[in-house]
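Q: For reference, the chains in residue letters:
There are 2 protein chains.
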Amino acid sequence: MIKTLENLPTGSSLALQEVIDNLPWNTQGLINAVTQQYDSGELLMVAWMNKEALLETVASKRACYWSRSRQCLWRKGETSGHTQEVKSIFLDCDGDAVLLKVDQKGAACHTGRKSCFYNQIIDDRVVVVNDKVN
Amino acid sequence: MIKTLENLPTGSSLALQEVIDNLPWNTQGLINAVTQQYDSGELLMVAWMNKEALLETVASKRACYWSRSRQCLWRKGETSGHTQEVKSIFLDCDGDAVLLKVDQKGAACHTGRKSCFYNQIIDDRVVVVNDKVN
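These protein sequence lines map, in sequence, to chains A and B. Take the first sequence: its letter number 88 is residue 88 in my numbering, and every next letter is one higher. Take the second sequence: its letter number 86 is residue 86 in my numbering, and every next letter is one higher.
Honestly, I wouldn't trust all of these hints.
You can't tell identical chains apart in this list, so a pair holds if it fits in one copy or across any two.
[Said to hold, decoys possible] No more than 25 Å apart at the CA atoms, straight line, and that leaves these computed lysine to any residue pairs for SDA-like:
id : residue 1 : residue 2
1  : K51       : C72
2  : K61       : P9
3  : K132      : N50
4  : K87       : V129
5  : K61       : E78
6  : K61       : R125
7  : K132      : T10
8  : K87       : P9
9  : K3        : N32
10 : K3        : S69
11 : K105      : D123
12 : K132      : E56
13 : K132      : G95
14 : K87       : T27
15 : K3        : K105
16 : K105      : D39
17 : K51       : I20
18 : K3        : W48
Please keep in mind that the hints were generated in silico from the structure rather than gathered at the bench. Predicted model only: the values in this text are computed from it and were never measured.
Work the whole structure out from these sequences, hints included.
A: Written out as structure tokens, the structure reads:
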């Protein structure tokens, strides 16, 4: 269904519930979630969402993912306090990825770093390039 | 192996080939790839890489993905000319996602839009918010 938006002009729209019901959820019922700091553009993390997590995120404006390891909803920051206030949400062209632009409190990464992407490939090495913030 | 970098200070490093050989490739031999315009921070697309695609991207500094639909290497822009010049590459904390910061020529999206994330969730609608650039 989301593909019907491909050739429509800016401002065209579809009902959210119908789009969500028809997203190409994978065999585990998940789509990719990519999370970016809304003002700096820094990429914070990549995770997964099921339908329930996406609907909760839309409704609560707090990022909620699906934890594949724990097999439960993962309300980001619920225990750490490192919540993500959702500023805007986008679906990609084929609907198997969602982008959250958020305001990250503290660290997005479990290592205490702001972003999970702290390992840079430089020539033939993988180099730690960011310090912990917490 | 990449997890050994978690608690090491900034500047610590591992050999790239060893890290790549030990990434947690999924059952299809893939990791997530997220691609961002290097200067503006605009999120362009989400795709997949196998080991060969990652090694080629590192060596050529042109983004090369794995096409799950076509089951072959996908040298971005090979037919369209909409190439992605790779400025920097990062692995996330657990090594199942790679971030490319690129300079995108033309459109990253097959619809002709700069970014694939042109469908914004606004209240109870999904709204097209970006025009085609090509």
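Q: Could you run down the list of hints and mark each one as holding or not?
A: Consistency of the hints with the structure:
| no. | hint | in the structure |
| --- | --- | --- |
| 1 | K51 <-> C72 | within (12 Å within a copy, 30 Å between copies) |
| 2 | K61 <-> P9 | neither (27 Å within a copy, 34 Å between copies) |
| 3 | K132 <-> N50 | neither (30 Å within a copy, 29 Å between copies) |
| 4 | K87 <-> V129 | between (27 Å within a copy, 15 Å between copies) |
| 5 | K61 <-> E78 | within (14 Å within a copy, 39 Å between copies) |
| 6 | K61 <-> R125 | between (39 Å within a copy, 15 Å between copies) |
| 7 | K132 <-> T10 | between (41 Å within a copy, 9 Å between copies) |
| 8 | K87 <-> P9 | within (24 Å within a copy, 32 Å between copies) |
| 9 | K3 <-> N32 | both (17 Å within a copy, 22 Å between copies) |
| 10 | K3 <-> S69 | between (31 Å within a copy, 16 Å between copies) |
| 11 | K105 <-> D123 | between (33 Å within a copy, 24 Å between copies) |
| 12 | K132 <-> E56 | neither (29 Å within a copy, 31 Å between copies) |
| 13 | K132 <-> G95 | between (33 Å within a copy, 18 Å between copies) |
| 14 | K87 <-> T27 | neither (29 Å within a copy, 34 Å between copies) |
| 15 | K3 <-> K105 | between (34 Å within a copy, 24 Å between copies) |
| 16 | K105 <-> D39 | both (13 Å within a copy, 24 Å between copies) |
| 17 | K51 <-> I20 | within (7 Å within a copy, 32 Å between copies) |
| 18 | K3 <-> W48 | both (21 Å within a copy, 20 Å between copies) |
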